[in-house]
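Peer 1: My request is simple: use the sequences and hints to build the entire structure.
Each chain, letter by letter, is given below.
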Amino acid sequence: MNEFWIILTASIVAINAALLGCFLLLRKMSMVGDAISHAVLPGIVVAYYLSGDKTSILLLIGATLTGVLTSYLITFLSKKARIQGDASIGITYTLLFAVGMIMISTWLKGNVDIDMECVLYGDVALINLDKIIIDGNLYIGPRAFYVEIIAFAIIIVSLLWGYKGFKILSFNEDYAQSLGIRTGRWHYFLMTLVSLTTVVAFEVVGAILVVGFLIVPPATAQLLTNRLPFMLIVAALVGIVSAIGGYYLAVWLNVSITAAMIVVSGLIFSLAFIYVRFRERLGNKSVTEHLPI
Amino acid sequence: MNNCAIEVHNLTTTYGGAPVLWDIDFELPAGQIIGIIGPNGSGKTTLLKTIMGLLEPSSGYVKIFDQDLEKMRERIAYVPQRESVDWDFPATVEDVVMMGRYRKANLFRRSNRTDLAVVAESIEKVGLTPFKKRQIAQLSGGQQQRVFIARALAQKADVYLMDEPFVGVDAATENAILSLLEEMKAQGKTVLIIHHDLQTVSDYFDYLVLLNTRLIAKGTPQEVLTKENLSNAYGGQLTLLAKVANLIKENEFPIREKDMDL
Ligand SMILES: Nc1ncnc2c1ncn2[C@@H]1O[C@H](COP(=O)(O)OP(=O)(O)OP(=O)(O)O)[C@@H](O)[C@H]1O
Ligand SMILES: [Mg+2]
Numbered sequence: 001m002n003e004f005w006i007i008l009t010a011s012i013v014a015i016n017a018a019l020l021g022c023f024l025l026l027r028k029m030s031m032v033g034d035a036i037s038h039a040v041l042p043g044i045v046v047a048y049y050l051s052g053d054k055t056s057i058l059l060l061i062g063a064t065l066t067g068v069l070t071s072y073l074i075t076f077l078s079k080k081a082r083i084q085g086d087a088s089i090g091i092t093y094t095l096l097f098a099v100g101m102i103m104i105s106t107w108l109k110g111n112v113d114i115d116m117e118c119v120l121y122g123d124v125a126l127i128n129l130d131k132i133i134i135d136g137n138l139y140i141g142p143r144a145f146y147v148e149i150i151a152f153a154i155i156i157v158s159l160l161w162g163y164k165g166f167k168i169l170s171f172n173e174d175y176a177q178s179l180g181i182r183t184g185r186w187h188y189f190l191m192t193l194v195s196l197t198t199v200v201a202f203e204v205v206g207a208i209l210v211v212g213f214l215i216v217p218p219a220t221a222q223l224l225t226n227r228l229p230f231m232l233i234v235a236a237l238v239g240i241v242s243a244i245g246g247y248y249l250a251v252w253l254n255v256s257i258t259a260a261m262i263v264v265s266g267l268i269f270s271l272a273f274i275y276v277r278f279r280e281r282l283g284n285k286s287v288t289e290h291l292p293i
Numbered sequence: 294m295n296n297c298a299i300e301v302h303n304l305t306t307t308y309g310g311a312p313v314l315w316d317i318d319f320e321l322p323a324g325q326i327i328g329i330i331g332p333n334g335s336g337k338t339t340l341l342k343t344i345m346g347l348l349e350p351s352s353g354y355v356k357i358f359d360q361d362l363e364k365m366r367e368r369i370a371y372v373p374q375r376e377s378v379d380w381d382f383p384a385t386v387e388d389v390v391m392m393g394r395y396r397k398a399n400l401f402r403r404s405n406r407t408d409l410a411v412v413a414e415s416i417e418k419v420g421l422t423p424f425k426k427r428q429i430a431q432l433s434g435g436q437q438q439r440v441f442i443a444r445a446l447a448q449k450a451d452v453y454l455m456d457e458p459f460v461g462v463d464a465a466t467e468n469a470i471l472s473l474l475e476e477m478k479a480q481g482k483t484v485l486i487i488h489h490d491l492q493t494v495s496d497y498f499d500y501l502v503l504l505n506t507r508l509i510a511k512g513t514p515q516e517v518l519t520k521e522n523l524s525n526a527y528g529g530q531l532t533l534l535a536k537v538a539n540l541i542k543e544n545e546f547p548i549r550e551k552d553m554d555l
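As they're listed, the protein sequences go chains A and B. According to our numbering, the first sequence is numbered sequentially starting from 1. According to our numbering, the second sequence is numbered sequentially starting from 294.
Calculated directly from the structure, the hints in this document are not laboratory data.
Straight line, CA to CA, 27 Å or less: simulated DSS-like cross-link-like pairs of lysine-lysine:
hint, chain 1, residue 1, chain 2, residue 2
1, B, Lys342, A, Lys79
2, B, Lys342, A, Lys80
3, A, Lys131, A, Lys109
4, B, Lys356, B, Lys397
5, B, Lys364, B, Lys449
6, B, Lys397, A, Lys79
7, B, Lys342, B, Lys449
8, A, Lys28, B, Lys426
9, A, Lys79, A, Lys28
10, B, Lys397, B, Lys426
11, B, Lys342, B, Lys356
12, B, Lys449, B, Lys397
13, B, Lys342, A, Lys28
14, B, Lys426, B, Lys449
15, B, Lys478, B, Lys511
16, B, Lys397, A, Lys28
17, B, Lys478, B, Lys356
Peer 2: Structural data, given as structure tokens:
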């Protein structure tokens with residue numbers, strides 16, 4: 001039973017990350033996802049300190065807002081202070097992450113729920129310790145699973161509702177703005193969803209490896225598909241397969257489950273890459289025949 | 294000017310440093326094909342972006358048909374430089390042209406039948422119907438350029454601003470785009486185009502704006518393409534320019550021959 005919940009929870013983490021990762025990848029902002037996943041740390045610590053609960057709503061909101069603040073700071077540094085894009089990312093997230101580390105080592109010293117280990121690496125194997133039991137003895141799954149499901153619902157509804165907005169923002173932001181579309185709002189909407197994803201994922205997969213879930217499945221999907229809806233679906237599937245395959249690989253080799261999941265997604269990416277190369281070599285190179293109008 | 298499509302008034306734009314556009318002031322006639330010319334880095338793209346409200350001017354203003362831009366969004370279409378997007382984006386020709394139908398108000402609705410019809414018509418106009426289901430990465434540069442033009446056509450606007458639509462297209466495509474422009478002009482549309490090839494400007498445009506951070510000259514090609522204006526804009530650097538100016542004078546602005554049907 002434990003196995004079932006671990007795989008299910010990890011799969012939903014993977015789906016959430018894959019869906020949003022597609023838009024980050026297309027916007028060439030994958031590293032902003034990386035930054036956000038680290039920079040939410042002080043938000044998590046402060047909220048945890050105030051609420052004393054690892055899964056409280058306050059914690060989720062507080063940490064998510066820290067993520068949005070991060071993306072705002074990155075934009076501010078690169079646009080207003082005219083600091084190079086990757087440097088603004090580095091400045092922002094290392095600073096926030098460092099502040100979070102100091103907070104943990106002072107405020108939460110010796111705490112059993114949150115320590116650096118847990119924040120950095122998460123531990124999907126432990127999610128079952130925090131169970132939801134109703135009616136005294138009916139076990140309906142780990143708390144983390146329900147947190148992920150709620151995040152999943154929010155993400156799905158947002159993406160379905162805002163699909164056109166996210167799509168045009170990702171392809172051609174200037175053009176979207178020229179149509180009168182408020183691209184700034186769409187940007188921060190997307191950043192909020194990314195923050196939410198990394199915040200809810202941190203106790204399951206940790207702050208470091210969630211980035212793998214944000215980047216690798218979308219990159220694989222982009223190799224294999226040529227329309228956005230397919231890319232989203234394939235990315236989610238790659239995420240699920242990585243979660244399942246990674247779990248069994250980890251059990252087999254007795255290693256970290258999250259790490260094994262990322263390794264599997266890397267393998268899938270490599271296979272896809274080789275397949276695409278192979279197909280190009282064999283297939284018709286002249287896809288762009290000229291046609292005078 | 295009583296039939297003025299775009300009014301730019303004392304416009305100055307910067308990217309934080311020294312002004313890239315300095316005190317630009319002009320009015321552009323409606324229903325004409327207008328060229329913006331000037332050397333690399335002279336602020337042509339910046340001017341278009343400022344007119345479209347993508348950049349905030351540090352002073353001055355822009356009016357479209359005597360109104361604020363926000364009120365006129367529906368009537369003005371922008372064709373960005375082709376290199377400004379990543380063509381590996383997972384979308385087909387149809388998907389991209391459909392973006393021309395996106396509005397703030399309909400973003401949360403599905404595309405309707407009118408949208409589909411307009412998209413099909415716009416793709417047909419630029420001759421890409423056989424490619425409509427193709428991913429945009431698998432198009433030639435000229436075809437990609439036409440996708441952008443089709444997307445702007447799908448907006449059904451009155452004023453079109455195009456950033457270098459002739460770059461990287463072959464002669465046949467260039468002519469096809471030109472006849473499309475003539476057709477648009479015949480329907481009373483105003484088209485503003487950034488252009489690089491000085492040899493063709495007097496053929497293509499009814500009205501010219503010559504730019505180099507400041508406004509160097511504006512008016513009909515005859516008025517603008519003088520040796521003096523050109524050397525003011527391009528500096529003494531290019532003897533070629535003098536040759537162009539001479540060439541133009543010698544030929545006394547041949548009227549463009551409209552017999553190149555394709
Ligand atoms: N995002 C930016 N940040 C800072 N400076 C910029 C930016 N974009 C353009 N510039 C500068 O502004 C000036 C004008 O650029 P712009 O792109 O408007 O020129 P252009 O006339 O379109 O040139 P080209 O013919 O090469 O397309 C250039 O000196 C350029 O270096
Ligand atoms: Mg330019």
